[in-house]
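Chains B and R, in that order, are what the protein sequence lines are.
Last residue of the first sequence? That's 162 in our numbering, and every number before it is there in order.
Last residue of the second sequence? That's 304 in our numbering, and every number before it is there in order.
Because the hints were derived from the structure by calculation, they are not lab data.
Mixed in with the good hints there might be a few duds.
Stated by the list, open to error - Straight-line Cα separation of at most 30 Å, DSS-like style, residue types lysine-lysine; simulated pairs:
{"no.": "1", "chain 1": "B", "residue 1": "LYS81", "chain 2": "R", "residue 2": "LYS6"}
{"no.": "2", "chain 1": "R", "residue 1": "LYS6", "chain 2": "B", "residue 2": "LYS8"}
{"no.": "3", "chain 1": "R", "residue 1": "LYS105", "chain 2": "R", "residue 2": "LYS73"}
{"no.": "4", "chain 1": "R", "residue 1": "LYS108", "chain 2": "R", "residue 2": "LYS75"}
{"no.": "5", "chain 1": "R", "residue 1": "LYS255", "chain 2": "R", "residue 2": "LYS234"}
{"no.": "6", "chain 1": "R", "residue 1": "LYS105", "chain 2": "R", "residue 2": "LYS196"}
{"no.": "7", "chain 1": "R", "residue 1": "LYS6", "chain 2": "R", "residue 2": "LYS108"}
{"no.": "8", "chain 1": "R", "residue 1": "LYS6", "chain 2": "B", "residue 2": "LYS88"}
{"no.": "9", "chain 1": "R", "residue 1": "LYS196", "chain 2": "R", "residue 2": "LYS81"}
What the hints assert, rightly or not - Covered by chain B, per the in silico footprint, the following chain R stretches (three or more residues, Cβ under 8 Å):
{"no.": "10", "segment": "5-12"}
{"no.": "11", "segment": "16-29"}
Cβ coordinates follow ideal geometry from the N, Cα and C atoms, glycine included.
For reference, the chains in residue letters:
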Amino acid sequence: MDTAQFWKRTFSFIIDLVIIDLVIFYPFNGVFANFFNINIGSENIPSSIYFIVFIISLLAWLYFTFFEYYLGQSPGQMLTKIRVISIKDVKGKSESLNFWQALLRNCFILPFFPFYILWIMEPFYLAFYKERFLERLSVTRTVSDSLGSTGGLKGFKLEKVK
Amino acid sequence: MKEQPKRLWIIFVILGSLLIFSLIASVFFISGNENLGYNTAVIPIQGEITTDGGSSIFNDYASSTDLVQEIEKAKNDPNVKAIIFEINSPGGSPVATDEISEEIKSLKADNITTVAWIREEGASGAYWIASSTNHIVADRMSIVGSIGVYGSYLEYSGLLKDYNVTYERLVSGEYKDTGTPYRPLSSAEEALLQDKLDKLHGYFIEAVAENRNMSVDSVTKLATGEIFLGSEAKDNGLIDELGGKTEAQKYIESKLNITVTSKDFTQKKSFIESLMQAMNKNSFYIGQGISSGLVKDTGVKITT
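Next up, chain B with everything else stripped away, as it sits in the complex (with noise of 0.2 Å):
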């Protein structure tokens, strides 16, 4: 199974940030227009934006999550024809992720200390090795999608790759 190429990967993060933006950050307007209003620095103030941005990047990573444990695909995946595998079982036959893996795969979304390390090795990992750091930790890859629409929902074993 071809390791996904590297435009449809950053192509299906911008369109799955695209829907993050809109079902996850855009409720959460309102609140950051009134942080943003309040000019004076108060202890309250930057504690309360601290605590709304580990909200939504706990959403964000809940949402990556949940679509690849139980579909095998983020939407902006699907678009762009690419799926999650886990190479627990490399012999012959790839699974569906289990939670854990799809949990830890997506941990860099979270903008605190160390997963922000992450964001300027993650890129530097894919270049080098065609695979993230976390998918090596996650004993997962990403890859292109030839089983369909239908490969990787939870409860249907994959079929066989070559």
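Please arrange chain R on chain B, whose structure you already have, making use of the hints.
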């Protein structure tokens, strides 16, 4: 192929759940912010004070219409316990000044503490407004005061004469074209205009004296139109404290026993609105320049 609807259903459930959670969380934060957020409004008064000339991207005007609305908005906000007026203005229209000043004074009935924070300048009408607040803070180098009124204008009848242009005076009412730049003032007209200016000056002095709890005589001595540096203004009682934003906040904190968290109450204008306003204004002035030059004399513009 039965899996396709199932996939769509899963996509819908995941996105829907995340959206619902985001909405609930944002509502929670907004409602929480109502109580935790701000307790002090900041209202900037920048540029020449006019009754209707809002700021645009090219010019800075402090419109009394906008400012009164902003003060009303702050007054009706239960979170607001104090208002800081961030002043950077050379003054302007007496009427606009009085409108803003009266609105500020009405805040006392609502127990809202007001502070004027003068930055570069709080002169003339801007000082009149500042004097309406409970406390005035200015930098030692700020320009303060200039308690006076002027209505000077260019009179170019001599220039017209050089070009053999004559002003045909057609009026009904002796003083109707008083202040036209096309002929010199008569002594009666000059006395009349001077009388108006003196009356306005008197109102200015009375307002400052009342607002600052000073005697009319002591304000009159200062009301020569002279500008004072912040340090001089502190010495002669025109301001209360030297300093800046921190001192303004500290005054509120000590008076109300709160920790100041402020919110900008400026009415936000979009880029398009600002652009349209600037275009309208420029079009108006171009049109005014042509039409008033031909038809209507502008008369004397009185400025505090």
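Structure-based check of each hint:
no.	hint	result
1	LYS81/B - LYS6/R	holds, 18 Å
2	LYS6/R - LYS8/B	holds, 25 Å
3	LYS105/R - LYS73/R	holds, 15 Å
4	LYS108/R - LYS75/R	holds, 10 Å
5	LYS255/R - LYS234/R	holds, 20 Å
6	LYS105/R - LYS196/R	holds, 25 Å
7	LYS6/R - LYS108/R	violated, 64 Å
8	LYS6/R - LYS88/B	holds, 26 Å
9	LYS196/R - LYS81/R	violated, 39 Å
10	5-12	holds (count 4)
11	16-29	holds (count 8)
Violated hints, listed in ascending order, are 7, 9; each of the other numbered hints is respected by the structure.
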